[in-house]
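Number of protein chains: 2
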Amino acid sequence: MSTKEVESVESILNKLPTKDRNFLMQVLYGRLPHYRLGPSKDSLKTVTDLEIVSCQFSCNEEQLRPPRKVTVGLLQNKLPIDTWAPITEMRKAMYTMAKEVLEVAHAGGVNVFCFQEAWNMPFAFCTREKFPWCEYAEEAETGPTTEFLKKLAGQYNMVIISPILERDVQHGDVLWNTAVIIDNHGDYLGKHRKNHIPRVGDFNESTYYFEGNTGHPVFETEFGKIAVNICYGRHHPLNWLGFGLNGAEIVFNPSATVGALSEPLWGVEARNAAIANSYYTCAINRVGTEVFKNEFTSGDGRPAHKDFGHFYGSSYVAAPDGTRSPGLSRTRNGLLIAELDLNMCRQVRDVWGFQMTRRLEMYAELLNRSTKMDFKPQVVKKSS
Amino acid sequence: MSTKEVESVESILNKLPTKDRNFLMQVLYGRLPHYRLGPSKDSLKTVTDLEIVSCQFSCNEEQLRPPRKVTVGLLQNKLPIDTWAPITEMRKAMYTMAKEVLEVAHAGGVNVFCFQEAWNMPFAFCTREKFPWCEYAEEAETGPTTEFLKKLAGQYNMVIISPILERDVQHGDVLWNTAVIIDNHGDYLGKHRKNHIPRVGDFNESTYYFEGNTGHPVFETEFGKIAVNICYGRHHPLNWLGFGLNGAEIVFNPSATVGALSEPLWGVEARNAAIANSYYTCAINRVGTEVFKNEFTSGDGRPAHKDFGHFYGSSYVAAPDGTRSPGLSRTRNGLLIAELDLNMCRQVRDVWGFQMTRRLEMYAELLNRSTKMDFKPQVVKKSS
Chain L
1 MSTKEVESVE
11 SILNKLPTKD
21 RNFLMQVLYG
31 RLPHYRLGPS
41 KDSLKTVTDL
51 EIVSCQFSCN
61 EEQLRPPRKV
71 TVGLLQNKLP
81 IDTWAPITEM
91 RKAMYTMAKE
101 VLEVAHAGGV
111 NVFCFQEAWN
121 MPFAFCTREK
131 FPWCEYAEEA
141 ETGPTTEFLK
151 KLAGQYNMVI
161 ISPILERDVQ
171 HGDVLWNTAV
181 IIDNHGDYLG
191 KHRKNHIPRV
201 GDFNESTYYF
211 EGNTGHPVFE
221 TEFGKIAVNI
231 CYGRHHPLNW
241 LGFGLNGAEI
251 VFNPSATVGA
261 LSEPLWGVEA
271 RNAAIANSYY
281 TCAINRVGTE
291 VFKNEFTSGD
301 GRPAHKDFGH
311 FYGSSYVAAP
321 DGTRSPGLSR
331 TRNGLLIAEL
341 DLNMCRQVRD
351 VWGFQMTRRL
361 EMYAELLNRS
371 TKMDFKPQVV
381 KKSS
Chain S
1 MSTKEVESVE
11 SILNKLPTKD
21 RNFLMQVLYG
31 RLPHYRLGPS
41 KDSLKTVTDL
51 EIVSCQFSCN
61 EEQLRPPRKV
71 TVGLLQNKLP
81 IDTWAPITEM
91 RKAMYTMAKE
101 VLEVAHAGGV
111 NVFCFQEAWN
121 MPFAFCTREK
131 FPWCEYAEEA
141 ETGPTTEFLK
151 KLAGQYNMVI
161 ISPILERDVQ
171 HGDVLWNTAV
181 IIDNHGDYLG
191 KHRKNHIPRV
201 GDFNESTYYF
211 EGNTGHPVFE
221 TEFGKIAVNI
231 CYGRHHPLNW
241 LGFGLNGAEI
251 VFNPSATVGA
261 LSEPLWGVEA
271 RNAAIANSYY
281 TCAINRVGTE
291 VFKNEFTSGD
301 GRPAHKDFGH
311 FYGSSYVAAP
321 DGTRSPGLSR
331 TRNGLLIAEL
341 DLNMCRQVRD
351 VWGFQMTRRL
361 EMYAELLNRS
371 TKMDFKPQVV
381 KKSS
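Chains L and S, in that order, give the protein sequences.
full-length UniProt numbering applies: residue 1 is where the first sequence begins, and numbers increase by one.
full-length UniProt numbering applies: residue 1 is where the second sequence begins, and numbers increase by one.
Hints in this document: simulated from the structure, not taken from any laboratory.
Please note that the accuracy of each hint is not assured.
Said to hold, decoys possible - Covered stretches of chain S (in silico footprint by chain L; criterion: 3 or more residues with CB under 8 angstroms from a CB of chain L, positions within the stretch not fixed):
| # | stretch |
| --- | --- |
| 1 | 242–254 |
| 2 | 347–354 |
Said to hold, decoys possible - Pair by pair, the computed Cβ-Cβ distance ranges are:
| # | chain 1 | residue 1 | chain 2 | residue 2 | range |
| --- | --- | --- | --- | --- | --- |
| 3 | L | Lys130 | S | Glu61 | 32 to 42 angstroms |
| 4 | L | Pro66 | S | Glu295 | 58 to 68 angstroms |
| 5 | S | Lys382 | L | Asn213 | 14 to 24 angstroms |
| 6 | S | Thr297 | L | Gly247 | 31 to 41 angstroms |
| 7 | L | Gly299 | S | Val291 | 55 to 65 angstroms |
Stated by the list, open to error - The list that follows gives simulated cross-link-like pairs (lysine to any residue, SDA-like), each with its CA atoms no further than 25 angstroms apart:
| # | chain 1 | residue 1 | chain 2 | residue 2 |
| --- | --- | --- | --- | --- |
| 8 | L | Lys15 | S | Leu16 |
| 9 | L | Lys69 | L | Lys381 |
| 10 | L | Lys15 | S | Asn14 |
| 11 | L | Lys381 | S | Gly154 |
Fair warning: this is a prediction, and the values are worked out from it, not measured in the lab.
All residues carry an ideal CB built from backbone N, CA and C; glycine is no exception.
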């Protein structure tokens, strides 16, 4: 009855040339030295150097529900022009790029499209400069980027998630890191503000905006119930859980993250969230290196510099059953098109039963207790 | 400033022979067809066909705290004799194996040792037979296995975690899936009962035992604060969080899991828990195939059979910074010896700040609300 099972992942990785093996170990396991390889010669169709990867997640047919197939599009893109270009020029270049990509996405059958975090501007929060970056902020419902995308969303019958820097003019002109949701008729549906704000590495983003006050909204669209966990919120299982409790079937995670600190985590977190909550997750990272005009320091002993490292792309989709798509490249603009059958969410819930077995009451009580100043952790010591 | 970054994990995997690549994709991404390879010819030292893998996790030196190095030992082992052997013989064979391995672990400097789930018996819960399997149950504090290990723990100055089937004679003779913690002086320190019980695939373990009633205890030992998340509890981020809230530095996850359903999840969940909670996790799976005397069915349309698939081993350790050890094999008995510096936990907390930024109050409130019968999910729809 015993079968000759494959020895291990490692035993196969060891067959690779040392450099390749080390790279895989770095990404999959973390913390090996960095090195470089030339670009791969893949044979993918390209549009303006846009890598296009497509894949499909399927599940069982059911008797009472038809399949609920939804195609998502995830875009990772470099800045088309220099970071210090005038804002109007940057916007123009971004809109040109976006228009072209959305046309491709439409041709690829995309129903729900998501851009990367703060997609229409440089990721300038490392600089700690307020000028000119705060000027990129715009009103969620009526700003130029929302207006621009509303037209295309209606034209292409596509829900579009547009993560921007938001200016809330109704409440003292404050900024937020916000995802705007535009429905497939070109109407503004709502917004969500980033729940967890990093103070790590090059980024204390609370220089610009605070922890979001929009809860964990789930947006009911014609293509399923969707939600947005913005960037650093992916490190927080409770944030993912919040969207799950509210009924999300797809949670997008538009991000901007670089280098050795986060790359070993990248393939783990959004994927774990898909598993734990039995929904789809779509992890989108920026790609490329953004160089700024003025130098800045990073609080890590290094000399001042003008960029904070390489956004490694590698955007991917993870499914409720733990499978995941190939990643987009670490180096190029890329569009990941994935067809999802949303019926998989409930099928996996029925198979694994995580929702039934999760004992939320016990944890509600524990979390309540743990936030009290007189919280006594449950520690077992030897009585002596 | 732009560097030639490596293209992608996939581009390197594509250099491998198709079979190898498919295997890696299966394990890392899931859901490719199964196939077989011969055993690898690794050059590891062996004792009674015991693969030994050792590794080390280190972190920065600090000014005020010396390094806190602790060596853990994780054992994955096949049954030494047939599942239907008499209980006394099975115990004897298991104790002989354990004694030998603990001697090796001691020679390897292990401070805290953990066995796989229900380590001293076949994983017979698929059979739904009460006889003879319930007879394996023993009292946590005074049972023969605890008595046996107390001597060795004292002799080797080693904390031992012994996951067993517990019989609670004080409360109506009920059974529990329990981990017993024996300290390095050979004294019983305490126990923890599995918090989440599966009803999936071949296992509705509630045929034998219910959800644990011991909370999320952390055991304060001379080698750090440890906890045990038993098997199916690894799918529940809140269970991992519970041990974190109580101060765990290392959480062991003794498991018993097989096949295509869980293998793509195996490398993700315990690793994500290490990241999210900034502690070490030690994931231990059984290895080998256990064949039973009487046939049973699995509720999946397949004919009756006598085994429920291959336990794929692949035990590993994950660190707070997201790095992980190589896995033990998918096929052989194995001992993973990992030296951890517990100082890494707080260092990662300071760097990433997940504990500071996690907004527990918000989630305590959400969890409270979500358990109410009149819970209204936060859903945004178009008003029409």
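Hint check results:
Only residues whose beta carbon comes within less than 8 angstroms of a beta carbon in chain L count, and the stretch 242–254 of chain S has 4; three or more means the coverage holds. Coverage of a stretch by a chain is defined here by at least three residues with a beta carbon nearer than 8 angstroms to that chain's beta carbons; for the stretch 347–354 of chain S and chain L the count is 4, and the condition holds. Distance hint for L/Lys130 and S/Glu61: a CB-CB separation of about 37 angstroms, consistent with the stated range 32 to 42 angstroms. Roughly 37 angstroms separates the CB atoms of L/Pro66 and S/Glu295, a value that falls outside the hinted 58 to 68 angstroms.
Restraint check, S/Lys382 to L/Asn213: a C-beta distance of roughly 22 angstroms satisfies the suggested window 14 to 24 angstroms. In this structure the hint that S/Thr297 and L/Gly247 lie 31 to 41 angstroms apart at CB holds, the actual value being about 34 angstroms. In this structure the supplied range 55 to 65 angstroms holds for L/Gly299 paired with S/Val291, their Cβ-Cβ distance being about 59 angstroms. For the hint linking L/Lys15 to S/Leu16, the alpha-carbon distance of about 8 angstroms falls within 25 angstroms, and the restraint holds.
Between L/Lys69 and L/Lys381 the alpha-carbon distance is near 54 angstroms, which puts this suggested pair outside the 25 angstroms criterion. Distance hint between L/Lys15 and S/Asn14 is fulfilled; the C-alpha atoms sit about 13 angstroms from each other, no more than 25 angstroms. The straight-line distance between the Cα atoms of L/Lys381 and S/Gly154 is roughly 17 angstroms, inside the 25 angstroms bound, and the hint therefore holds.
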